[in-house]
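Residue numbers (the working numbering), protein chains in the order written: chain F, 1162 to 1484; chain E, 582 to 693.
Derived by calculation from the structure, the hints in this document are not laboratory data.
Backbone N, C-alpha and C fix where the C-beta goes; we use that ideal spot for every residue, glycine too.
Don't take every hint at face value.
Each pair of labels, with its calculated beta carbon distance range [as the list claims (entries may be wrong)]:
id	chain 1	residue 1	chain 2	residue 2	range
1	E	P656	F	C1351	48 to 56 Å
2	F	T1320	E	S678	50 to 58 Å
3	E	Q592	F	S1469	48 to 56 Å
4	F	E1423	E	E586	47 to 55 Å
5	E	P656	F	E1423	34 to 42 Å
6	E	E624	F	E1356	21 to 29 Å
7	F	R1430	E	N666	37 to 45 Å
Which residues of chain E face chain F? A few of them, derived with a C-beta cut under 7 Å, are [stated by the list, open to error]:
id	residue
8	L614
9	E623
10	L632
11	I643
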Amino acid sequence: MSASGSQASVEPRDERPALGETGNDPLVLLELIQRLKVRDVMTSDLVTLPRAASMQQAQELMRQKKISGVPVEENGRFFGLVSIDDIIRALVAGTIHESCGRHMTTKLVVLEDDMPLSFALRYFDRYHYGRFPVLNRDRRLVGIICQRDINRALLVELTRELHRLENDSVRQGGDGVASSLYLLREFPICKYDFENAGKAANQIKQVLQEKKFPPKVIRRIAVAAYELEINLCVHSDGGVLSWQVSNGRAEVIARDAGPGIEDVEWACRDGTSTANEWIRSLGFGAGMGLVNVRRVSDEFEITSKKGSGTTVKSVIYLEGMPS
Amino acid sequence: MTMSEVAEVLQAEVLVKGDGMQRRVGHVMASDLMSDVLLVDEEDMLLLTSLASDQVLRTAQIVGAVGVVVVNGKPLPSSMVNVANDLHMTLATCRLSKYEACVAVHQALHPQ
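Okay, chain F solo, but in the shape it has when bound (with noise of 0.2 Å):
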C-alpha cells in the first residue's frame, strides 16, 4: 500500500528474514523471535490524539507520560504520528499552535499485529525509526512497538524457556540418561569466597541426583566442577562455572578473566601449585586440581594466557560413548 492523503502508508510485506540471516544467534532466541508475534510484544494501551489537537497538546502530552511520539488516531482510524522531529519544527516555523492533523508525519511504516517479532527486528534495522505504530488486519491502530518493548518481551520469554527446558522437556532415553539438551547453567564465581566455594557443584551434584544420572556418571561431573570451582576461586581473579548436559555429554566449562597461566603444561603436572600457605591450610593447593579435572573427563581442554584469562572444558560423556 503507498501513501495517500492522511492515511498512513503500509510498507509492502515482500520479503522475509530467512533463519540462515541470523545464524550466530542461540538457536532458542531465534526460535523466539520466529514464534512472537508482534502482538505479543507492542504495547497496546495507547495514548493518542485526535487529529483536531494542537501540536502544542501533542508537545505536552510526550513530556507528561515521557514518550517520545504521540499516533494520531480517531475511532480506530489511524492518520499519522507526531514526533520529536514534528514538534521541533512546528516551534521553529512557528506552527506549535496548529492542528497535529497539519504537521504530523503520515508517511510511514508501519508494521501489521500478526507479524512475526523477526520482522519488526528486520525493520528497527532496516529503518532506524525508534518506535512502529501496529495496525490490524482492519487497518486499525491496536498498539505501538519500540525496542525496549522487544528487549523486555524477550528477556521474558527467555526466563520461560530456560524454565521449559529444565522442568518439562526432559526426554528420557532407555536408561533414563538424558540424550538432548535439557540442563544449562551458570555460576559466578569470586575470588577467594571461601564461604560459598563448592556450592555450585554440590547444586550439579543435587540435580544430576534428582534427574537419575548414573551414579558414576554424577560422580565425575562433580569431582570436575568442584575441582573447576575450587580453581576459580583460588587462582583467578574471579570467573564463571558453567556446565549442560545435552546429547549423551556433560560439558563443565570455567572460565576468567585473568591472571592467566604462564605455562599450562607444567601446570598441569602432579603436586605443583601456585596456592599460597592460607590456601594450603583451608585443605586446597596440593597441585592435584587440573590432574584430576583430566581424570575424570573424556575429554580435557584448557587455554590461557598470562596477563589474559583462562578457559578449562571438562566433558563427560554419559553412557561411555559421545553420540
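Given the coordinates of chain F, work out where chain E should sit on it, guided by the hints.
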C-alpha cells in the same frame, strides 16, 4: 559396620545425623587435603579429618561420603552444622587424634 556403629567406636559426638547414620562404612579416608579426597573412587567412604571447614563437607558430598568425623576434638564453626544439614551429610567430632581414630576404625572393621 554402619556409620552409627563407627561413631560409637570413636566415642564421637554426632552433630548432624544426615542421611549416613545407617549406611555401611566400607572405606576410610584420613586426610586434610581435599584434592586427595577427591581422588578416591569409593562411595562407602568415611572421611576422617582435622580440618574444620565447610569445604570438608562440600568435598564429602561430592564424593558421596558416608559421613565426616573431625578428629582432635576441634571446635567446629557453626556454619559447618548448617552446611551439613543443607547437604544431609552426617557430621561428628571425636577427641581421638587422626592416627588413633584410624587405628580404632581399622580394628573395628577388621577384628583379629
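Going through the hints against the structure:
no. : hint                           : verdict
1   : E:P656 <-> F:C1351: 48 to 56 Å : violated (27 Å)
2   : F:T1320 <-> E:S678: 50 to 58 Å : holds (53 Å)
3   : E:Q592 <-> F:S1469: 48 to 56 Å : holds (54 Å)
4   : F:E1423 <-> E:E586: 47 to 55 Å : holds (51 Å)
5   : E:P656 <-> F:E1423: 34 to 42 Å : holds (40 Å)
6   : E:E624 <-> F:E1356: 21 to 29 Å : holds (28 Å)
7   : F:R1430 <-> E:N666: 37 to 45 Å : holds (39 Å)
8   : L614                           : holds (5 Å)
9   : E623                           : violated (10 Å)
10  : L632                           : holds (5 Å)
11  : I643                           : holds (5 Å)
Hint compliance for this structure: hints 1 and 9 are broken, all remaining hints hold.
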